[in-house]
Amino acid sequence: MQNRKIFKYLKSWILNAITVILSLLWLSVIVWAIVVSFRPANKPLGLGDVWLNGFTFENYLHAWSLAPFGIYYRNTIIVVLIILLFQLVTTILAGFAFAHYKIVGGRWVLFFILLQLMIPSTALLVPNYATIRILGLFNTKIAIALPYLGSAFGTFLMRQAFLEIPDDSIEAGILDGCSWWQLLLNVYIPPSVPTIIALSISSITWHWNEFLWPFVVTNSDASRVLTVGLVRFTQLGEQGAQWPLLAAATITVAAPLLIAFLIFQRRFIASYLYSGIK
Amino acid sequence: MSQEKTKSTLKNSILPFILISPTIIIVALFTVWPTILSVYQSLFRQRLNMAEFRVPKFVGLQNYISLFSSQTFHQVLLNTFLYVAITVPVSIFLALLFALLVNRSVKGIGLARLALFYPTILPMVSAATIWMFFFTPEYGLFNTFLKFFGYRGPQDWAGNPHLALLAMMIIFIWKSAGYFMIFYLAGLQNLPESVLEAAAIDGANPFQTLIHIIFPLLRRTTLFVTTIAFLDAFQIIDHIVIITKGGPSDASNILLYYLWQLRFEYTDIGKSSALTVILIAIMLLFTITNFVLSERREEKANAK
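Those sequence lines, one after another, are chains R and X. Position in the first sequence (from 1) plus 420 gives the number in the working numbering. Position in the second sequence (from 1) plus 77 gives the number in the working numbering.
One thing to keep in mind: the hints can contain errors.
[As the list claims (entries may be wrong)] Interface residues of chain R toward chain X, partial, derived using beta-carbon atoms under 8 Å: (1) Ile434; (2) Ile438; (3) Thr439; (4) Trp446; (5) Trp452; (6) Phe532; (7) Leu535; (8) Ile539; (9) Pro547; (10) Ala572; (11) Thr575; (12) Phe631; (13) Tyr692; (14) Leu693.
Derived by calculation from the structure, the hints in this document are not laboratory data. C-beta atoms are modelled at their ideal positions from N, C-alpha and C, and glycine is treated no differently.
Just need the whole structure built from these sequences, with the hints factored in.
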C-alpha cells in the first residue's frame, strides 16, 4: 500500500515535470520575442542576457518610423470589420432560411454552399486573383475581403444553432403575427448569441492573421494589412543585427489578438472548438 | 410544426432564396467559377512574360504532361508528401500527449494549456519571423539549445538543403499541436465516466486503459483532427514565403508555394491552372473520403 502511494506520487511528479518542460519550450518563442523587443539594439540576444541590458521602447518607435504601421493597423481593422459585418448578415440570413423554411431542392443548395468547405480558397488563389483583376478591385481593401463575405462554415453553424430553437417559441411567434424578420430578431437570434460570438471570434482571428491572399491582391502601403506589412518589413534587408527591431514589429502585429486572448481565454478556445470545421 | 413551415414555404417561396442569395453569389464567384475556370485554363498554354505565348493556345493535357515530367515538380511533390506525412502524425501525436497532460486537475494546469495553445492565436508571419531568428547560425536560440545537448551539426537550418524542409516542419508542428490539442481535450472531457471506472475496477493499468479504451473512443476526434491537419499542411505556407522562399534549390518548396511561383514569378497561367486543378483534386478527394468514412462510422455506431 505504501509503495503504491509513493509510485502514484512519483508518477504525478514526472507528468508535472514533462508538462512544465513542454510549456516552457512552447512559451520560449513568444517570451524571447517580447523580451528582445524591449531591449536596446546591438546587445547580446541569448536568453541568459535577458535581464542585463535594461528596458526601452526605442525598437517600437524605430519600427513605426520605418514602416507605416498606423496605416497597416487601420487597414487590418477595416478589413476584419467589413468581413465580420457581412459574414454575420449573410450567414444569419442563410442559416435562418435553411432552418426555418422548407426549400425546394434545399439539400442541393446546401451542398452547393458547402463546396466552399471542400475546396479551400487558398487552392483557388490564381483564378480568384484573375477575378479581382477583372472586377477592377486589385490593390483595394474590398479585394481582400470580397471572397469571405459569405461563409459556408458560418451558414452551416447558424443553421445548426437555429435548428435547436424549440418549436413552441417559433409557433408562439407566428401566432403573435411576427413577420419573418421579427421572428428572426426576437425568436431565433437571442438564444443563438453564443454561437454568434464564437463565429465572430474565429472570423476576427482568422482574418487578422491571414497573409497569403492579402499579399497577392495588394501592392502598396495604402491597402496593405499588418501581416503583409510585416513581411515587407522583414524583407527590407535589415536582418541580422536588427533583431530587437524585428521582434518589436512582430509583436506589434500580434499584440491585439494575444492581449484579447489573455483576457477572454475561454471564449477564444470555445470559438476555436466551434470553428474546427472551417 | 413542419406543416407550419410548409405553409410559410408556399407563401414565401422566393423569400428563402433571397436570404441565401448573397452566400450563393460569393460561393459561385469565388469557389465554383474559379474551379471551372482553372480546369478550362489548364488546357491552354499562356505565359504573360513571353510575347509569343501571351494569347492562350489550346494544348490539351500538355500542361499536365510537362508538369509531371519536370524535375522541379517531382521535387515539390516529394517535399509535399514528406511534409504532410511527417507533420500530420507528429502534430496529432503531440496534440494527444498535450491533451492527456493538461487534462489533469493539478494546480496551474490552466497556465500550461495557455502556453501550449497560444501559437494558434499568433499570426504565422509573426511566428515565422521569430523562428527565423531561432534558426540563424552562430547565435540562434535553436542551435544554442541543441548545443546544450551536445549538438554540433550544421548551423544554418533554413539555409541548409538537408534541413530547410525539416525546419519548416518544426514551425508548423509547433504552431498546430496546441490547436489540435483542444479537440482532444474536448474529446477526453466527453468520455463516459462509467467506462473508465469499469476499466479501473477490472484492474486495467493506465497504459492499457489508454490503448484499449481511450484511443478507440477518440477515433472520431482523430479522424476529424486528421482532416484539418491535412488541409492546413497543404494551405499554410506563410513561413515558407518569409524564411526560405522554397529554397535552397527547392529543398523546402511545397505544392501551394510552387503554385504561387508558377503564377507570380513565372507568370505561367496554363501551368499554374493545371497545378490548381491538381491541388483541388487532392483536397476534394481527401475531404470527401474522410467525410464518407466518418458518416459510415456514425451509421455503424447508430446501428449498434
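To see whether the hints hold, each was checked on the structure:
| no. | hint | in the structure |
| --- | --- | --- |
| 1 | Ile434 | violated, 11 Å |
| 2 | Ile438 | holds, 6 Å |
| 3 | Thr439 | holds, 5 Å |
| 4 | Trp446 | holds, 5 Å |
| 5 | Trp452 | holds, 6 Å |
| 6 | Phe532 | holds, 7 Å |
| 7 | Leu535 | holds, 5 Å |
| 8 | Ile539 | holds, 6 Å |
| 9 | Pro547 | holds, 3 Å |
| 10 | Ala572 | holds, 7 Å |
| 11 | Thr575 | holds, 6 Å |
| 12 | Phe631 | holds, 5 Å |
| 13 | Tyr692 | holds, 6 Å |
| 14 | Leu693 | holds, 6 Å |
Comparing the model with each numbered hint stated earlier shows that hint 1 is the single one that does not hold.
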